[in-house]
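Given only the sequences and the hints, what does the whole structure look like? Please build it.
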Amino acid sequence: MNNRVARVSMFVTPTNPRFIDKAWTRGGDVYILDIEDSIAPAEKQRCRTLIRESIQKANKGGASIYVRINKPFVDADLPYAVWPGVDRIMLPKTESPAEFKRVHEIITRLEKERGIVPGTIELYPMIESALGAVNIHAILTATPRKLRSMGGAGGYDMAMNLGIEMFADFDQYAFPVAYVALAAMSLGMEATGGVFVPNTSGRVDQGDQAAMQAAALHAAGVHHAGALHPNFIQPLVSGLSPTADEIAWAKKVIEAFDRLTDAGESIGQLDGKVVDKYENDMAKRTLDWAAACAAKDTYKARALARAQAAEKQPADGHATH
Amino acid sequence: MQISLDTQQPVGEQPMPKDIRRSVFSLSIEDTQLGEKAYASWADAIILDFVKKPNGDWQEDLKSRMPAAIHAAGKGGAEVFVRINRDTAAAELDATVFSGISGVVLKGVTGPEDITAAVQRLDALEVSRGLGTGFLEIDVEVNTAGAVWHSLEIARASERFGAFLVNEQELCRNLGIQTAPTLEFDPLEYIKSQLITVATAAGGQALGMSYPMGLTLANASDDVVKKAVKRARDTGFKGAVCAHASWIKFCNDGFRPTADEAAYYRKVIEVFAEGIKRGMASVPIDGKMIDVPVDLRAKLYLKWANRAQARDDEKTQAHQ
Numbered sequence: 001m002n003n004r005v006a007r008v009s010m011f012v013t014p015t016n017p018r019f020i021d022k023a024w025t026r027g028g029d030v031y032i033l034d035i036e037d038s039i040a041p042a043e044k045q046r047c048r049t050l051i052r053e054s055i056q057k058a059n060k061g062g063a064s065i066y067v068r069i070n071k072p073f074v075d076a077d078l079p080y081a082v083w084p085g086v087d088r089i090m091l092p093k094t095e096s097p098a099e100f101k102r103v104h105e106i107i108t109r110l111e112k113e114r115g116i117v118p119g120t121i122e123l124y125p126m127i128e129s130a131l132g133a134v135n136i137h138a139i140l141t142a143t144p145r146k147l148r149s150m151g152g153a154g155g156y157d158m159a160m161n162l163g164i165e166m167f168a169d170f171d172q173y174a175f176p177v178a179y180v181a182l183a184a185m186s187l188g189m190e191a192t193g194g195v196f197v198p199n200t201s202g203r204v205d206q207g208d209q210a211a212m213q214a215a216a217l218h219a220a221g222v223h224h225a226g227a228l229h230p231n232f233i234q235p236l237v238s239g240l241s242p243t244a245d246e247i248a249w250a251k252k253v254i255e256a257f258d259r260l261t262d263a264g265e266s267i268g269q270l271d272g273k274v275v276d277k278y279e280n281d282m283a284k285r286t287l288d289w290a291a292a293c294a295a296k297d298t299y300k301a302r303a304l305a306r307a308q309a310a311e312k313q314p315a316d317g318h319a320t321h
Numbered sequence: 322m323q324i325s326l327d328t329q330q331p332v333g334e335q336p337m338p339k340d341i342r343r344s345v346f347s348l349s350i351e352d353t354q355l356g357e358k359a360y361a362s363w364a365d366a367i368i369l370d371f372v373k374k375p376n377g378d379w380q381e382d383l384k385s386r387m388p389a390a391i392h393a394a395g396k397g398g399a400e401v402f403v404r405i406n407r408d409t410a411a412a413e414l415d416a417t418v419f420s421g422i423s424g425v426v427l428k429g430v431t432g433p434e435d436i437t438a439a440v441q442r443l444d445a446l447e448v449s450r451g452l453g454t455g456f457l458e459i460d461v462e463v464n465t466a467g468a469v470w471h472s473l474e475i476a477r478a479s480e481r482f483g484a485f486l487v488n489e490q491e492l493c494r495n496l497g498i499q500t501a502p503t504l505e506f507d508p509l510e511y512i513k514s515q516l517i518t519v520a521t522a523a524g525g526q527a528l529g530m531s532y533p534m535g536l537t538l539a540n541a542s543d544d545v546v547k548k549a550v551k552r553a554r555d556t557g558f559k560g561a562v563c564a565h566a567s568w569i570k571f572c573n574d575g576f577r578p579t580a581d582e583a584a585y586y587r588k589v590i591e592v593f594a595e596g597i598k599r600g601m602a603s604v605p606i607d608g609k610m611i612d613v614p615v616d617l618r619a620k621l622y623l624k625w626a627n628r629a630q631a632r633d634d635e636k637t638q639a640h641q
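Quick mapping for you: the protein sequence lines, in order, are chains A and B.
Quick note: the first sequence uses our numbering, first residue 1, plus one each step.
Quick note: the second sequence uses our numbering, first residue 322, plus one each step.
Take the hints with a grain of salt, since some may be wrong.
[As the list claims (entries may be wrong)] Estimated spans, in silico, between C-beta atoms of each pair:
1) Glu-105(A) / Asp-543(B): 56 to 62 Å
2) Thr-25(A) / Gln-499(B): 52 to 58 Å
3) Glu-105(A) / Ala-539(B): 55 to 61 Å
4) Gly-467(B) / Ser-186(A): 21 to 27 Å
5) Glu-255(A) / Val-545(B): 34 to 40 Å
6) Lys-620(B) / His-229(A): 24 to 30 Å
Rather than coming from a laboratory, the hints here were simulated on the basis of the structure.
By construction, the Cβ of each residue, glycine as well, lies at the ideal position given by its N, Cα and C atoms.
Here's what the structure looks like:
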């Protein structure tokens, strides 16, 4: 499965059949099975027992599956969260390397017990406080466990910790978001930190807001966004994928740079724009990302078709071929 | 004692902000109307400045005058601080630290070693002058690139650390940024966000104003000041050093949750508690979903509002 492409992720609550049973039809790249804040205290144990079957439900459309656990209940949550098919465990409100390392050790033990190659499942520190933000480098280097991408350090909990409103017409998270992204990049991870887009309403169901967000992220070379509402998924998936024009331009740049190289030159022009090693590298990145997105979309389309066929089967009373 | 990397009290259980210092006002001990101005200001905190007497023993001169100045500055219920220059910190601390101050504001700091040196001096002075051990706070007036670059080590250098005070005029000069307020953006936006984040991470707070008010220091209409305070609060500042006495009221009113906000938080807490009893993870209020973090925030901000009100009550009592 192509887990590198995570253009859009959305939280789903395993305890709510309306959400979990339909998630696979929404087209998301990632679904995050939540045991944390969207689950009432009295429902947490029932939620834990639903995680394993929820993985199979939510990934029917080819999405990757993450699980968000509760920081105060890592010992209770992890035995229900570490299963084959889970790509990432998300530890909310991570603040120290010590607590991050402890979760890594529990996951490693569970991976061994359950026939998963140790280190397969990513562990993601959710940075939701000032303390977590300033400790980010120590947190990310606290364990040998791989982590492909890292971002965040804005959001509701960070706003609460800083004593500010979450929705403003200026970037109140300038430092923590950039600092976390920089730490990630310094360690060779892809930065998925948000790019500021004004949102003073806080509404989560506006497609145009999603398109604005996608355009800002895409322009900054960021390939991921979170969706709080299914209406955000498609605008973000398409907005964070390279367009046909971008792909065509990238191919032209690479061809032009090859010609320059053959001629023993290092810099030239194409349609009035500079072509050099930097532009050539950027074009290669565009094509690489386009190929990864196309592979993910193909994978999702096939998975979706299989799931739709399987859905149809019991209703018709016979298999469809 | 240094502050560790480990988790502090869970977010929501920490007092936020650490202390209620919405309005900080600077006055000189040379001012013959120091007491009257401090009393009339209604500032949460007063910073005392002094001039070293030329051609004489400036330390003895200050020692003879500081106790009365501290007493005068605190008459209106304000906490009293003394501004200390980093280059001559030890001598200035000897001359100015007396009963009645809450701490010192260190200016010109370039690294954690400046804090360590001040801590050593304060440790000794607290013993020799009968002040509570570890009682005096160290706040840092940020006016150099070094203070910004080393902000985390500075804030973690001592448990005495209380706050960063952003001196935008001097910081811009130090960084070579123009001080004329003609830019369409705040040139210190990232630095302010850094200082707010770092101070919060260390359990302290940051005090500052929004652009351009913090840079021009010009007086302005009430509406302009109110808006500037609102934006500063939305940035994460918990108070400001007031360039004009007229700013103090707006800082006292603005750097806290309003009465309307407090009423809303009470409603959130009540409705969410009912929802939890019914086994729900979220409940709607006026079209917005209330869940665990919203409830936690309501409790935290309501405490903040109550502490701000208590501070106002203390000052009112001091004025009676």
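Tested hints:
1. Glu-105(A) / Asp-543(B): 56 to 62 Å: holds, 58 Å
2. Thr-25(A) / Gln-499(B): 52 to 58 Å: The hint (52 to 58 Å, Cβ to Cβ) holds, given that Thr-25(A) and Gln-499(B) are roughly 56 Å apart.
3. Glu-105(A) / Ala-539(B): 55 to 61 Å: Holds, since Glu-105(A) and Ala-539(B) (Cβ atoms, about 57 Å apart) stay within the stated range.
4. Gly-467(B) / Ser-186(A): 21 to 27 Å: Given about 22 Å between the Cβ atoms, the range holds.
5. Glu-255(A) / Val-545(B): 34 to 40 Å: With Cβ atoms ~57 Å apart, the hint is violated.
6. Lys-620(B) / His-229(A): 24 to 30 Å: holds, 27 Å
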